[in-house]
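Trainee: These protein sequences, in sequence, are chains A and B. Numbering-wise (the working numbering), the first sequence opens with residue 1 and increments by one. Numbering-wise (the working numbering), the second sequence opens with residue 1 and increments by one.
These aren't lab readings, by the way, just hints derived from the structure by calculation. From the three backbone atoms N, C-alpha and C, an ideal C-beta is built for every residue, glycine too. A hint or two may mislead.
As the list claims (entries may be wrong) - Taking lysine-lysine pairs in the BS3-like style, the calculated list, with each CA pair at most 27 Å apart, reads:
id, chain 1, residue 1, chain 2, residue 2
1, B, LYS124, B, LYS214
2, A, LYS226, A, LYS240
3, A, LYS75, B, LYS19
4, A, LYS75, B, LYS214
Claimed, not checked - If you only want the chain A side, here are some residues facing chain B, beta carbon under 8 Å, derived:
id, residue
5, TYR53
6, TRP62
7, ALA72
8, ASP74
9, ALA78
10, ARG89
11, LEU101
12, PRO232
13, PRO233
What the hints assert, rightly or not - A few chain B positions that, by computed beta-carbon distances, are all more than 10 Å from chain A:
id, residue
14, LEU107
15, PHE146
16, GLN197
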Amino acid sequence: MTALLRTDGLMKAYGGVQALNGATIAVEAGTVAGLIGPNGSGKTTLFNVITGYERPDAGEVWFGDRAITNLAPDKVFAAGIGRTFQLTRIFARLTVLENMLVAAQAKDGPRNLLSWFGRDAWTHHRRHAMELLEFVGIERHADILAGSLSYGQRKLLELAYVLVADPAVILLDEPAGGVNPTLINHITDRIRQLNAEQGTTFLLVEHNMEFVMGLCSTITVLESGKDVVSGPPDIVRTDKRVLDAYLGADLEEDPR
Amino acid sequence: MSDARRRLRAAPGLAPALKGGGLVALIAIAIAFPQVYSNPAVSSYGVLALIYVTAATAWNIFSGNTGYISLGQAVFYGSGAYTMGIAARDWNITGDSVFALLPLCGLVGAAIAIPFGLIALRVKRHTFIVITIAFFFIFQLMAFNFSFTGGSTGLQSPFLNWPSATYNTPFYYIALAFAAGAIAIAWLVRRSRFGLQLRAIRDDEDRARGLGVKAMRVKLSAFLISGTITAMIGAVWFYYINQVEPQTGFDPIFDLTLVLMAFLGGYGSISGPVLGALIIEPLTLWLNTQPQFSGYLSEILLGAIFLIVVLFLPRGIITTGGELITRIRTRGRPAVIPATSVGSSALASGATAASGPSSVSSGGGR
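Please model the entire structure based on the sequences and the hints provided.
Mentor: Set out below in structure tokens:
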């Protein structure tokens with residue numbers, strides 16, 4: 001198997017803080033991969049670098065056999081990598097359906113200026129958008145402003161509009177954070193379904209271990225901006241370096 | 001649920017009819033105005049009000065949709081006026097044919113909007129505002145100091161051989177055509193995918209870029225449309241008042257007035273800036289005719305109105321009024337921000353009030 005998405009030796013510093021320090025990860029096509037690590041280990045920075053929101057100081061990002069290092073966010077999205085944000089980012093003063101349509105136009109490719117003013121091209125987007133809203137379960141709210149959705153519903157909306165462009169890889173930043181258990185199950189089911197039926201590849205960051213261990217086939221552990229372990233959940237769970245990263249290396253030797 | 005929905009949808013069927021009727025009445029009043037009030041003192045109110053309706057609408061096409069507050073619209077307004085004046089002077093164009101220069105003025109506005117936008121639109125919010133102000137002062141200084149602009153004395157427009165009794169009437173209809181055109185463009189932008197992208201940028205630009213919106217291109221296009229319209233109406237204004245000087249063509253009060261009009265009426269909506277312009281401009285003109293408010297006093301009063309609007313009516317008459325009506329209509333039901341208009345708010349609150357399958361009911365605090 002070849003890695004669909006991989007990074008190679010990514011470096012990123014903010015002032016004196018080395019957020020990424022040679023982070024190298026590989027996500028196989030058609031898998032659900034997890035990225036875990038303590039707070040401040042560089043998970044979100046890694047997402048930002050992959051999706052073009054931050055430029056790495058060094059290192060490369062590969063999507064299939066295409067180098068996408070330093071590509072702008074809209075180009076990364078057009079290439080087939082969608083993402084959600086840790087604190088959901090939706091367009092609060094657009095309706096839920098309009099939020100979906102913003103994402104829909106990315107698929108249409110280049111167009112002339114006049115077609116920007118057309119509305120007819122939206123009809124099929126609208127249908128597709130409604131199907132996806134139904135898929136995540138918020139189709140009843142299509143006509144209200146996205147800003148009046150609850151936090152959990154916003155997470156679902158964000159997932160739905162990332163799906164509009166039918167990306168090959170979806171990066172999810174804490175999809176289960178701040179969400180109730182029922183909704184977590186709902187999100188898990190949707191991810192499994194997309195992965196099984198459409199072969200969508202996922203890379204997700206999550207602190208909820210139960211969620212990550214149950215969903216992901218491979219897990220990479222990041223610590224201080226560097227990948228320390230990568231493998232199936234059972235291996236990662238028992239790896240000493242992982243326990244060290246989470247619990248502190250000196251804890252057992254020096255239980256103060 | 002779906003039955004209730006259909007009934008709710010059918011109910012506000014009266015609203016579009018009322019809206020359409022109101023629009024027809026407004027157009028009729030606008031067309032009849034100079035026939036009814038032929039007194040030049042009154043019809044000049046109409047001309048200037050329509051010039052400001054156009055300029056405020058042009059401002060709104062860019063700033064209202066994107067949330068980038070431009071305080072540099074006078075750059076376009078003055079440039080349009082100067083383009084008209086310089087071209088008419090240097091090419092010896094006189095009489096009615098000067099109006100053939102209007103497209104050229106629009107082109108100059110567009111040509112200025114591109115470098116202006118490419119520089120200013122790289123930054124957001126406060127920094128953007130400051131850069132637009134800086135551009136404004138650069139243009140005013142250039143008008144003062146270049147020789148082809150006529151320096152501090154500015155330019156006179158060539159004499160128009162129109163009878164003085166009805167001098168205002170053709171200007172009124174030219175300004176009305178521009179106002180109608182600007183509003184039509186604003187409406188087209190609003191309902192298009194282009195407008196949707198602009199509003200997505202307003203809400204979260206980085207997120208929009210992450211969803212494939214080419215933010216710079218989209219913002220610049222809106223800025224260019226806005227600048228083109230403003231430059232053309234600036235040229236009309238120059239011909240109407242017969243002269244332009246650096247401090248009147250590139251007037252800081254002009255920039256602030258547009259923002260005040262938009263904020264008073266309702267920033268972002270199409271009717272808001274129109275309403276604001278129709279209130280503010282005649283009020284300003286009237287204050288200037290009153291001896292007790294002469295000169296700076298009327299400007300102080302405008303400043304006071306600005307403060308009151310920002311403090312107590314920050315989203316304008318149209319938006320706040322609409323919400324008030326919604327609140328009265330949906331009293332006792334859960335508050336939901338109306339989606340598109342007052343008419344659809346009943347539907348929106350109905351949709352949220354109904355409890356969904358438990359699997360999607362929301363969790364977590366905001």
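Trainee: Taking the hints in turn, state whether each one holds.
Mentor: To see whether the hints hold, each was checked on the structure:
no.: 1; hint: LYS124(B) - LYS214(B); in the structure: holds, 16 Å
no.: 2; hint: LYS226(A) - LYS240(A); in the structure: holds, 16 Å
no.: 3; hint: LYS75(A) - LYS19(B); in the structure: violated, 42 Å
no.: 4; hint: LYS75(A) - LYS214(B); in the structure: holds, 9 Å
no.: 5; hint: TYR53; in the structure: holds, 7 Å
no.: 6; hint: TRP62; in the structure: violated, 19 Å
no.: 7; hint: ALA72; in the structure: holds, 7 Å
no.: 8; hint: ASP74; in the structure: holds, 5 Å
no.: 9; hint: ALA78; in the structure: holds, 5 Å
no.: 10; hint: ARG89; in the structure: holds, 4 Å
no.: 11; hint: LEU101; in the structure: holds, 6 Å
no.: 12; hint: PRO232; in the structure: violated, 29 Å
no.: 13; hint: PRO233; in the structure: violated, 25 Å
no.: 14; hint: LEU107; in the structure: holds, 16 Å
no.: 15; hint: PHE146; in the structure: holds, 33 Å
no.: 16; hint: GLN197; in the structure: violated, 7 Å
Checked against the numbered hints given earlier, the structure breaks hints 3, 6, 12, 13 and 16 and satisfies all the rest.
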